[in-house]
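Chemist: Protein chains in written order, with my numbering: chain R, 460 to 1125; chain D, 484 to 651; chain B, 2 to 280.
Source of the hints: derived by calculation from the structure; they are not laboratory data. All C-beta atoms in this analysis are idealised placements derived from N, C-alpha and C, irrespective of residue type, glycine included.
What follows is a set of in silico ranges between Cβ atoms, one per label pair, in the way DEER data are often shown:
#: 1; chain 1: R; residue 1: D926; chain 2: B; residue 2: D248; range: 18 to 26 Å
#: 2; chain 1: R; residue 1: Q967; chain 2: B; residue 2: H91; range: 32 to 40 Å
#: 3; chain 1: B; residue 1: H91; chain 2: R; residue 2: T647; range: 49 to 57 Å
#: 4; chain 1: B; residue 1: Q246; chain 2: D; residue 2: E627; range: 31 to 39 Å
#: 5; chain 1: R; residue 1: E771; chain 2: B; residue 2: G127; range: 47 to 55 Å
#: 6; chain 1: D; residue 1: L618; chain 2: B; residue 2: H91; range: 38 to 46 Å
Which chain B residues stay away from chain D? Per the calculated CB distances, all over 10 Å, these:
#: 7; residue: V35
#: 8; residue: Q111
#: 9; residue: I117
#: 10; residue: N130
#: 11; residue: K134
#: 12; residue: P138
#: 13; residue: A140
#: 14; residue: Q167
#: 15; residue: R216
#: 16; residue: E219
#: 17; residue: S245
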Amino acid sequence: MSKIGVFICHCGENISATVDVERVAREIGGMEGVAHAIDYKYMCSDPGQTFIKEAIKKYDLDGVVVGACSPRMHEPTFRKACAEAGLNSYLCEMANLREHCSWVHEKSEETTEKAIDLVKMLVQKVKKNKALESIKVPVTKKALVIGGGIAGIQASLDIANTGHQVILVERDPSIGGHMSQLSETFPTLDCSQCILTPRMVEVAQHPNIKLYTYAELESLEGFIGNFTAKIRLKAKSVNYSTCTGCGACIQKCPVKKIPSEFNAGLGVRTAIYVPFPQAVPNKPVIDRINCNYYKRGACKICEKTCQVGSIEWDKEDEIISEQIGAVVLATGFDVKGTDFFPEYGYGKFKDVLTGLQFERLASASGPTLGEIRRPSDGAIPKKIVFIACAGSRDPAKGIPYCSKICCMYTAKHAMLYQHKVHDGESTVFYMDIRAGGKNYEEFVRRAIEEDTVNYIRGRVARVYEKDGKLIVKGVDTLLGGQQVEIEADMVVLATAGVANCGSEQLAQKLHVSYDPYHFFAEAHPKLKPVETNTAGIFLAGACQAPKDIPETVGMASGAAVKVAALFSKDELVREPIIAVVNRLAPPLYSTCVGCFMCETACPYNAIEHEEIKGRDGSLIRTIAKVNEGLCQGCGTCVAFCRSKSIDIQGYTNEQVYAEVMSLLND
Amino acid sequence: MRCYQCGKCTAGCVLASDMNYPPSYLMRLLQTGTKDNYEKILSSNSIWLCLNCENCVGRCPMEIDIPKMMDYLRTQAIAYDKLHPDSKPIIAFHQSFLDSIKYTGRLYEMGLIAAFKARTFRLTQDLAIAPSMYLKGKLHLLPEKIKDRRGMKRIFAQTIENVKTKNV
Amino acid sequence: MKIGFYPGCSLTGSSREYNESVVAIAKVLEIELVEINDWNCCGATAAHSMNEELSLSLPARIMALAEKQGLTDVVVPCAACYNRLKMTQHELEDDLKRSRIKEILDMPYQGNVKIINVLQLLQQYGIDNLKAKISQPFAHKVACYYGCLLVRPHAILKFDRVEDPQSMDEMIRAIGGSTMDWAFKTECCGGGFSVSRTDLVAKLSGNILKDAADRGAEAIIVACPMCQSNLDMRRGAINKVLNSQIDIPVIYITQAIGLAMGIGAKELGLKRHFVTVEL
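Generate the whole structure from the sequences, applying the supplied hints.
Modeler: So, in structure tokens, the structure goes:
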């Protein structure tokens, strides 16, 4: 015979204004199995909780129902109170008399009767409740950071500095990402590589960081605190333990004209190459697609040149396995190329560039050693037109969002140009100027007021080439739509920022949500920007949405803290509201027949196979087993199971039916 | 409305410099929703100079159908009778064209030119070209008539001559 | 190969040479052109500028006639007519509009006739097959001018590229010519303003002509009677505005192909141009 305590809250006036709470307590008090029923103004308050605790002891209650606000508000509060009084938390349930009743109805007899029904339902449920214990899951204290740009670098350093191990995986031959391609950064005009390379070196030398470059994630299995990551170490063809980074092979390589990815296609590199002089690690890889040996078995000059015999022709890709506890995604972004724009030439005009390409021109380590020169004829341009919002904010082109950083970097580019070419004329065609960060607005004003950059509000309809010049057909909307035609020497498009290539595939591998533009989805846009909906996987940087360096660094540190918080415990505590497959005594073992419909249904990959073995080790049957760490308690498997062998603890079929029958039998 | 005044339409419009209000400015006038601004539009020459070359809508990031809007504004302008003087020869041409096909079903160039000159008093325009056209066999003296001329008249009667008909 | 044919008013009148050249090369390519019986004028610019229902009824009647004749595909050489027919077909996918127009026409209309322009017809015929019929390579450097109505609005016409189309260029290269990259491939020539605002036509067509001439074009290749007329018949006015004496001829793509096939200038209507054609 149950002894349930019922506590009805007035919630100030929130409930009592429309529900006759005294009557509810009175009528429930007369129910079979209810040992004690009261009402009180604020159940969640200290005295309120004390009533519950004292009642548990005094009446030896074996169940508690609190009729109050939403469980989302105070379930933890009341469950904790019960636990403190010695009653298992999961024997305490809440009936939502506020959001489900008093707040949505007028004061009437029916409203009170509904409240009574709701409490009755929960009482019948609690009669079937069982005591449950929290689940503990062990945590591997090693993090995996995917992506070696500034976001990945910052996150790795922060996690490593808390004393935990980090594995940093980067698919390019060097870490550094787009930040290493920049010449100067806004709003301070700091030299980008000068502030980045110390961190890159720190990563390489940090005792807690294991760096894998020219590597990609092959697969990720498991769950928070217990992932197994398989990483593909692509064959570099160079043995890094013997290579000294002398660079002799690079100088002698005969294949010299491969478009350099680091220089955004403006410069060239060799087949055996280091992407840029400050690369970390500063050792080369061989591009097998373009190398003469791999193409037709010829050459081998690098091997002949190498003093320490580091060339490994026959090395294959290697797949290694690592146990990790958390993942930080820091895969960054990319920008659209000039070929994306029909009205700006489909990419055929050599002197129409993207912002990233302009960065390479302006950079001291770039193809022109920092001089702004036209790719077509090497001349110094006297007139440059910068087109902002090229592709961004353009639903017709499929990119309705704003790429955030272009207004700032366009102003920066114009300023750098004016600083390098004193008699140059630069014009920026813009729609709006988005300069919201600290010192950003002042930076743009500096471009306009001190560096005489000409800002015209209007978009450019088209750009075409005539007699070596680029004719830009724009408009000044602030003058009522006056057409503006400029004969420029160079045009720089601030092209839209997009998700890095391969984002979709990576997200699918990791079961992380992503938006239609392949940016990874954060768990909550306002309050959980560095978490994903997949437990244990965090986000940092532009892979979530275009953003600038300060925000990226902030986010990376935020993700690192989440990882550190996860690693601060040896065990993860989880709510036991999960699915369980029933187990019975032999010879039945379970009513589960091993059809694994639940496995198909489960959105969280939480169903595993369990082999039932006899005493002699022979296999009797394989049945389903729920992984306690992954299961989220959604109940889809319960709906699918045809033999009713799987059920949710805390919301068993029996308990739910009890609630339904209570309502129907009234 | 979706237009965020980027101006790309105006930047690419071949006749923007001849218009009272280039397309993006016209959109802004429409957006204000005031009667004064709407009348400005109807009595401008922009709606008549627009060639429907579709350059604007082809580049518009919001895919706003400006040519269709211009067609609509033209019918509105005629209905309200607030026409810009520049519109006269253009409307005269359109009307002469339509008159020609109303009666014969196909364009009768001589008829078109005659009607146009009558409406605009541009008696000497293109006088020099006419003989060459005729000698090159490009100008028919007599109209080509389709068989179903009654059907043609009926179409006209139910559409342009029945302006009370709600524009679909 | 048999295909429906809608010449439109220009081809039977002021742009007769276009018709002649289309017919001439169709003969060589063994394409039978079946003219739509009792076709009417599509309404061109005048109809859509003055009344929407009229602008939809006139092309609808043409397509209804084609359906009646059992024609599944119709080639429309005039770019303006092509544009009007395609746009009308698209508009009449809306049920309400379609039933209204059917009411006006008092004719059945399904809207499933495939409307193609002359470039699409040649593409369907096959560039390689075309190459096989060439006997006198058209060895000239030309500027291919598409005009505005062949490629826009792209969402409805779905033909070629909007900003730098290549279909005509490919054809010229196939017949032995060389093409050039120039800036006014799709900018409007002034269209229907030929009579009412000749000054604007002179300005717009002048820009086109000048760019082509500056880049060394020996001729301008067109596929639209209005463009041809504006660039050719109005050459006097253009040269006056540009203060120049540009004399490069303007010929139709079908005429260029006809020349490459060895068909005579007279049969192709080349004698009817205002600017002498000596190619």
